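Visitor: As you go down the protein sequences, you meet chains V and B in turn.
Just remember that my numbering sits 1061 ahead of the position in the first sequence, which is counted from 1.
Just remember that my numbering sits 1061 ahead of the position in the second sequence, which is counted from 1.
Calculated directly from the structure, the hints in this document are not laboratory data.
Any given hint might turn out to be false.
Heads up, the list lumps identical chains together, so a pair's fine if it works in one copy or across two of them.
[Stated by the list, open to error] Below are the PhoX-like pairs computed for lysine-lysine, each with C-alpha atoms no more than 25 Å apart in a straight line:
no., residue 1, residue 2
1, 1089, 1308
2, 1397, 1129
3, 1254, 1129
4, 1121, 1254
5, 1129, 1116
6, 1287, 1508
7, 1380, 1116
Remember, it's a predicted structure, so these values are computed and weren't measured experimentally.
The primary structure of each chain is shown beneath.
Number of protein chains: 2
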Amino acid sequence: MNDNKNYVREITNIEDDFAKWYTDIVIKADLADYTDVKGFMAIKPYGFAIWENIKEYADKEFKKVGVKNVYLPLLIPEDLLNKEKDHIEGFAPEVAWVTHGGAQELENRFCIRPTSETLFSNLYGKWVKSWRDLPMVYNQWCSVIRWEKETKPFLRTREFLWQEGHTVHDNAEEAKDLTLKMLSIYRELIEKKLAIPVLQGEKTETEKFAGAENTYTVETLMHDGKILQAGTSHYFGQNFSRPFKIKFLNKNEEEEYVYQTSWGISTRLIGAIIMAHGDNRGLKLPPEIAPIQVIIVPISLSNEVVTSKANELFDVLNKSFRVEIDKRDNYSPGYKFNDWEMKGVPVRIEIGPKDVLENQCIIVERDTGDKTAIKLDDIDPELRKILNNIQKRMFDACKNNKENRTSSVNSLDEFVERINENQGYIKAMWCGDKECEAEIREKTGAKSRCVPFEQEKISDKCVVCGKKAKHLVFWGRQY
Amino acid sequence: MNDNKNYVREITNIEDDFAKWYTDIVIKADLADYTDVKGFMAIKPYGFAIWENIKEYADKEFKKVGVKNVYLPLLIPEDLLNKEKDHIEGFAPEVAWVTHGGAQELENRFCIRPTSETLFSNLYGKWVKSWRDLPMVYNQWCSVIRWEKETKPFLRTREFLWQEGHTVHDNAEEAKDLTLKMLSIYRELIEKKLAIPVLQGEKTETEKFAGAENTYTVETLMHDGKILQAGTSHYFGQNFSRPFKIKFLNKNEEEEYVYQTSWGISTRLIGAIIMAHGDNRGLKLPPEIAPIQVIIVPISLSNEVVTSKANELFDVLNKSFRVEIDKRDNYSPGYKFNDWEMKGVPVRIEIGPKDVLENQCIIVERDTGDKTAIKLDDIDPELRKILNNIQKRMFDACKNNKENRTSSVNSLDEFVERINENQGYIKAMWCGDKECEAEIREKTGAKSRCVPFEQEKISDKCVVCGKKAKHLVFWGRQY
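For reference, chain V alone in the conformation it holds in the complex (with noise of 0.2 Å):
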């Protein structure tokens, strides 16, 4: 990549092939890079710094209401992973087993963690003793491994990254406030910071987790309207307590089983961020996750007046953005335009001869191609005022997609009709039976994404089935 006639720029046209694009711009932006080993990636610099932005933001509100770190094993005895039934029955045929330790075979297998609700339970239920105990609010970043098929970097890997919650309760409502607190976390983090606007809601009993009772979910939009679980958050209830025997004196002095939780968010939101926001010139990165929030292109690096002046704009910004500058000196500015462009830094600045002349930059902004000359003297509440117009923007950009893909049906003809034409979430009635769930998903592709939190009634039948009907569900095929 060190000479322009090397680096093909041209990505696969988004409109096209969105697939072929996605991969384009992981590859191209330097998010990632494939491995020898099928659905394994290795995650750069660039992509790593992006989830340290996630990572750090979750940690702190997670911290904020009290939710402690911890670390637990990576491996899981198979007969712990076997003990909650439908637990089990949904992660036994992607999970990898562990046969060997050294040259020796070992006695019992062991699963790498796919998720570690029975690893929890099973120390919670030693940790546990009196209502003083509780509740316990653990969490932990780590990878966990799915031995899917189909892999895409960042949105199905075998491997990835994410934090997964845990907690016991001697209360079910103090169980269940907690499950939604998280969403709501997870709500805001990916609205604000990622600006992507999220549908909340409950899965249905067909998509809710294995194992639990409730299954909330934040959904996210793509750019060509299919959707995107972006995070999920689980109540137990006492399905996993009672086969763990996690139990605790109540105040009374009697002995009940805890209520439960899980919840958690992966490395998928860097692909929801690529495909929520990027076009045809890349990656576009929402200011407040952005690795690089600006980045000084000096237009004459011959000329010491101008590069002395780069030099000190990026000391000024360096105290309160995250700013790079460009000093490469075997790329033209041209090339240099179209690979921030492609990295998705929000903000460009370009200063030449010219500029330090009239004691200005030229700021670019990567959303709209905007060109503005602003005086050095302003640049700093200039170039805050700039970056929230972007963040805003994005957030307005897919909200309005959100808008234009979401459709009302009243029968399974239409649904049909809407989803083919328009992709996005289509809003149905449902009687609540599995079935007619299934015969959706047959005919039109699509799941149920979520029963959402604000309910409507935009018919009493169901759209399937013609009987009464129970929630209003949002619909959509899915990464």
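Using the hints provided, position chain B relative to the given structure of chain V.
Guide: Below, chain B without anything else, positioned relative to chain V:
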């Protein structure tokens, strides 16, 4: 742990059985717990908070010298692990093998990374093209697995958390410099934050890392006089770049193999803190790294004037210190004093009705037990001074232990006598011959710790064979 009677305070006496004392502390100070899987521990919130503080400091220092974080796969294909001869010999006996994904047996098995030189080398081979791409200075925070026979929480576990830095350079000097620069970051962390003096030097041929040209180390002396290797930094030369074909075009447009390093520290450092500083009252944490620097214990919880003053104090201190307030109503103050001493909190503040009247509080220092009355108006600067003094005293106490336990010897008999009487570091001259090193190990149970950077000449002759000595070496029995 909800009742004084059920909470056994006593721990094994540190002088009677140091090993048992150590595991008592791990459990009673609530740092970690055993799990159902031998050699795998659960790091609990209090232990993990220490690791977070270490990580936060180290990560910042790394970034200052240009380190970038990445994430590479957990699994390594067998053929990749086998590519560097010495490396595979060093690690093959202790890796865990994944043989099945879901129900299917895999065509080629994978090991769980014991360390990631092979993975990084494989990817660097793909990523590096020209001198302009270099150096690449990457690091990852992750867990690794080594299937050890004997295990002990934090010190030697089958899974542990660490960081592993891996770098590639276009010349040997820069790579060697970086190896030493990272070592000096480790030294600063361990001396300034963990308050443990280190011995710095180079490992002998026998003790160096599998595949390295040079291994540099920071060694630490524990309370019982045994030695713990606390961090290592390796220079590989071209040992990995040749088999992995990591080539670059140099400035003369010639192909050349890169020069490589790796370096790491792990959760073992938590073991070092416990064993360097702890005493018969429990853990003793250096203020710089303590998750709780100050614990406020209101003496009469039923007295509202006391609790409101304690809350006020908390609010003031919370701005500058890591402080907590103990309002548990089912424990006596005396119980709480023991509890926070066990957890090694550097400063306890007691505040009772009399103190409120006199506008003061009582400060108790964990390391000396000294009690001082401090006026509430002076609390912030006084506390700062006291914490700094504790940090310094803890370092000095370890330094004294190190000095008292370092002996120079001129014969093998003297060597045996000294190490049996005093453990510690034994300084002895060495000819450089592996057989003499092996003889020392056999006769004394001590391994060479390192050839220290600061050389002295205590004799001309090798302590074993009497031939011309090459180096002064520090020896010691190790963890």
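Visitor: The structure should be examined with respect to each hint, and the outcome stated for every one.
Guide: Right, here's what the structure says about each hint:
For a Cα distance limit of 25 Å, the shortest separation of residue 1089 from residue 1308 across copies, 22 Å, qualifies, whereas the shortest one inside one copy, 52 Å, does not. For a Cα distance limit of 25 Å, the shortest separation of residue 1397 from residue 1129 across copies, 21 Å, qualifies, whereas the shortest one inside one copy, 43 Å, does not. In this assembly of identical chains, residue 1254 and residue 1129 lie within 25 Å of each other by CA distance both inside one copy and across copies; the values are 23 Å within and 22 Å between. In this homomeric assembly, residue 1121 and residue 1254 come within 25 Å of each other (Cα to Cα) both inside a single copy, at 13 Å, and across copies, at 23 Å.
Taking CA atoms no more than 25 Å apart as the test, residue 1129 paired with residue 1116 passes in both settings, with 14 Å inside one copy and 16 Å between copies. For a Cα distance limit of 25 Å, the shortest separation of residue 1287 from residue 1508 inside one copy, 11 Å, qualifies, whereas the shortest one across copies, 62 Å, does not. With identical chains, the CA atoms of residue 1380 and residue 1116 are at most 25 Å apart both within one copy (22 Å) and between copies (24 Å).
Violation of the numbered hints given earlier is absent; every hint is satisfied by the structure.
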